[in-house]
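Chains C and W, in that order, are what the protein sequence lines are. Okay, so the first sequence: first residue is 19 according to the numbering used here, each after it adds one. Okay, so the second sequence: first residue is 5 according to the numbering used here, each after it adds one.
Incorrect hints may have been included.
Restricting the straight-line Cα-Cα distance to at most 25 Å, the calculated cross-link-like pairs of lysine-lysine (PhoX-like) are [unchecked claim]:
1. W:241 to W:193
2. C:214 to C:203
3. C:285 to W:340
4. W:101 to C:237
5. C:274 to W:339
Pair ranges (Cβ atoms, derived) [unchecked claim]:
6. C:235 to W:142: 30 to 36 Å
7. W:165 to C:259: 26 to 32 Å
8. C:262 to W:184: 51 to 57 Å
9. W:176 to C:83: 39 to 45 Å
10. C:69 to W:62: 29 to 35 Å
11. C:234 to W:201: 31 to 37 Å
12. W:194 to C:83: 36 to 42 Å
13. C:213 to W:207: 41 to 47 Å
14. C:259 to W:201: 56 to 62 Å
15. W:176 to C:210: 44 to 50 Å
16. W:66 to C:266: 54 to 60 Å
17. C:200 to W:194: 26 to 32 Å
18. W:335 to C:257: 43 to 49 Å
19. W:60 to C:175: 28 to 34 Å
Treat the hints as calculated values from the structure; they're not laboratory data. Don't be surprised by glycine CBs; every beta carbon is placed ideally from N, CA and C.
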Amino acid sequence: MLKLVVCIKQIPRVTELPWDETSGTLRRDLAPGMMNPACKHALEAALQVKEHYKAKITVITMGPPAAEEVLREALAMGADEAILICDRLLSGSDTFATSMVLKEAITKKCPKFDLILCGAYTADSETAQVGPQLAEELDLPAAAYVEKLEIDGKTLRVRRLVDNFRETLEMEFPALVTVSMENYKPRYASLAGLGKAFDINNFTVLNAEDLGLTASSIKTKGSRTKVRKVFLRKAQKGNVLLQGAASVVINEFLDKYQRKIGTVIGKSIEENKHDDEK
Amino acid sequence: MKKTSTMMKSRKKSIWVFGDYRNYYQNRVTLQLIARAVALAKTINAEVCALIFGYKIDEWIMEYTAHGADRILAIDDPALKSYSTERYLAIIETLTKQRDPDIILIGATDFGREFAPRLAKRLKTGLSADCVGLDITEEGLLLQIAPSFGGNMLAEIVTERHRPQMATVRPGTFKEIPHDYERKAIVEKLPLMKGLPKPRVKLVEYERSVEKEHTIENASVIVCGGRGMGNREKFKKLQELARLLGGDVGATRPVVYAGWAEHGALVGQAGKHIKPKILFSFGISGAIQHTAGLGEANFIVAVNKNPQATMLKMADVAIVGDASDVLNNLIKELKKRIRE
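With the rest of the complex left out, here is chain C:
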C-alpha cells in the first residue's frame, strides 16, 4: 500500500490583515481561514493516485486550533487521517522552523511514507520554501511545480514546466513533490465524505512536547529569519481619490494622467479643443 502524506496550510481569506505592531507578524486569528489553493491541488493529486493504487493519505498541518477546519475539509474530500500540529511555542515560525517541525511529525507519525505532496506555494506568504526545505530535512529526492505525476512500481515520474523548459523527471520513492495549480483541479467534498470528516478516530493533535521539542530546542533548531517590519505597499501608491459625475471624473482623470497613458501606449493623447468648440 502506498503511503502518501499531504502537507496543507490554512490561509486567511482576506487581502488585508491587521498585524501585531510589536512582533511584526500578522494577526491570523482575526480572519476566517481557507485551505491554501495550491495545497488543495496537492491533495487532489494524492486523491487521484488513490483512485488507481491502494493508498492511504495522511494530511498534516501546523497552525492555530482553527486550522482543524482545513483538515476536516481534507478528510471530507477523501483523506484518511489528519494531524494537527498546534502549539503557541511554534507560532511565528519561518519556513526553516516549519519544515523542521513537519519533519519531526512525519518521522514520528508516518515514518514509512512513500511520497510527500505539498502545494507549490501559499497565497499569503508565497515563499514556496517549505516543500523544498522539508525535502532537505528528510534527505529526499524532490521536484517542485509538478503538473502531473505517474507511478510505476517504486518509481515516480513527474512532468513540469520550469523557466520555459518542459521537463520529465524520475526518482525513486520515498520522494517529495510540490504541486502546481496547472492541473489537478480539486474536487468538492462529497456528502459521504462529510461523515468521515468528523470521525474522531482519524484525527490527531500534536503539541511541541509530543514532537520532542522544547522552548530551547525550538530556539536552536527554529527560525533563522526575523521580520522586523510589515507594511502596506499602498504607502507608495498615488492615493488619488476621484468621485462625482462620471463625465467630470473622467475629464479630471485624463487631464492629469493622459501623458502617462500616452507614453505607455505610444500615442499622443490630448484634449482636442476644436472638437469642443464645434
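Using the hints provided, position chain W relative to the given structure of chain C.
Same frame as chain C, now just chain W:
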C-alpha cells in the same frame, strides 16, 4: 560552534551571486543581482563573487565579469551539463565551508526558488523569498524586503545570527550594470569536487517550451473587469477600451465562471500573474484570489461603486462610481483625445 580557522576572519567579506545562466538573453536576473551586490558590497567592504557551474561556461565567465563581478568561482565539467539541484547543493555546501561567504543571492527564477530553500536548509541559515528590495541595515545586516499577500504588503526581514544571509530576488527588481568587456575579475576555475553524491532525480526529457503564452502576461496595458460590470454585454465593452489602449482584457474568477470571459483571461491566484505598466480595474472588489495576481502592476486605476473596496485601496487612482458608466465615459473621451 565557533569557526575554527582564524584565516577566515582576515578574509575579505564576500557576497556571492548564483549564476543562473539558463535563458541568459531573456533572464537577466543574475546580472541585476551582480549590480545590486556591487552597491551593497561598497557599504560593507566586500567583494562580489559570481558562481558558475556548468559545461562550456566561458561565455558566462566573460559576461559576469563584464557586468561587474570581482571574482568568479567556476566549475566547468561535463557532469554539470544540465542544472541539478543535488549537485549544486553539494558544490556550494563545500565552497561555503571553505570560504565562508557573508551573503548569497539567488535569482527568483523557478529553478532558484526550488534550489535556494534547500541550500539554505543545508547551510542551516535563513532565506527570504522573491525579494523586491535589498539593503544593508545600520548594524551591517542584509535587509531583505519581501512581498506578501500578493504584493499588497511588504516585510522587512533580516537573518540576525546565521551565515550566510540568503535571499532570492525577483527578476526585474534591479538594473544591471552595462557591460564593459575591458573589466577584469579574478577567475578561479575549480575542479569538480570528488565524491559528490550521485543525483537521485533523473532528468529523463527536457525541451524548451514552445507553448505560446497568452499575451496578457506581457501586456503593458490591461483592462480587468469583475462582477461589478453588471452583465455580459456591459463586460464586453472592456474590449473596446483595451483595443483603444492596445491592451488586453483580464477577468476575475466569478466573471469567468459566469461565462463573460474565457479562462485564459483569468487574472489572480488560479490564473495569470500580470505585470502591466497600467492596470484598469472595473467593478472588482479585490478578493485575494484576484489581487494575488496583481503584485507587479505598476500603476493601478480602479473603479468601484463601493468606496471601501480593497481594490480602490490598492489603486493609485481610485474612482468611486458605477464601473460601466465610468467605462463608457472613458472610452468616449479617449476617442476624442487619442491622436494616431
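To see whether the hints hold, each was checked on the structure:
no.	hint	in the structure
1	W:241 to W:193	60 Å, violated
2	C:214 to C:203	22 Å, holds
3	C:285 to W:340	13 Å, holds
4	W:101 to C:237	23 Å, holds
5	C:274 to W:339	17 Å, holds
6	C:235 to W:142: 30 to 36 Å	32 Å, holds
7	W:165 to C:259: 26 to 32 Å	45 Å, violated
8	C:262 to W:184: 51 to 57 Å	54 Å, holds
9	W:176 to C:83: 39 to 45 Å	41 Å, holds
10	C:69 to W:62: 29 to 35 Å	51 Å, violated
11	C:234 to W:201: 31 to 37 Å	33 Å, holds
12	W:194 to C:83: 36 to 42 Å	52 Å, violated
13	C:213 to W:207: 41 to 47 Å	44 Å, holds
14	C:259 to W:201: 56 to 62 Å	59 Å, holds
15	W:176 to C:210: 44 to 50 Å	49 Å, holds
16	W:66 to C:266: 54 to 60 Å	59 Å, holds
17	C:200 to W:194: 26 to 32 Å	38 Å, violated
18	W:335 to C:257: 43 to 49 Å	25 Å, violated
19	W:60 to C:175: 28 to 34 Å	29 Å, holds
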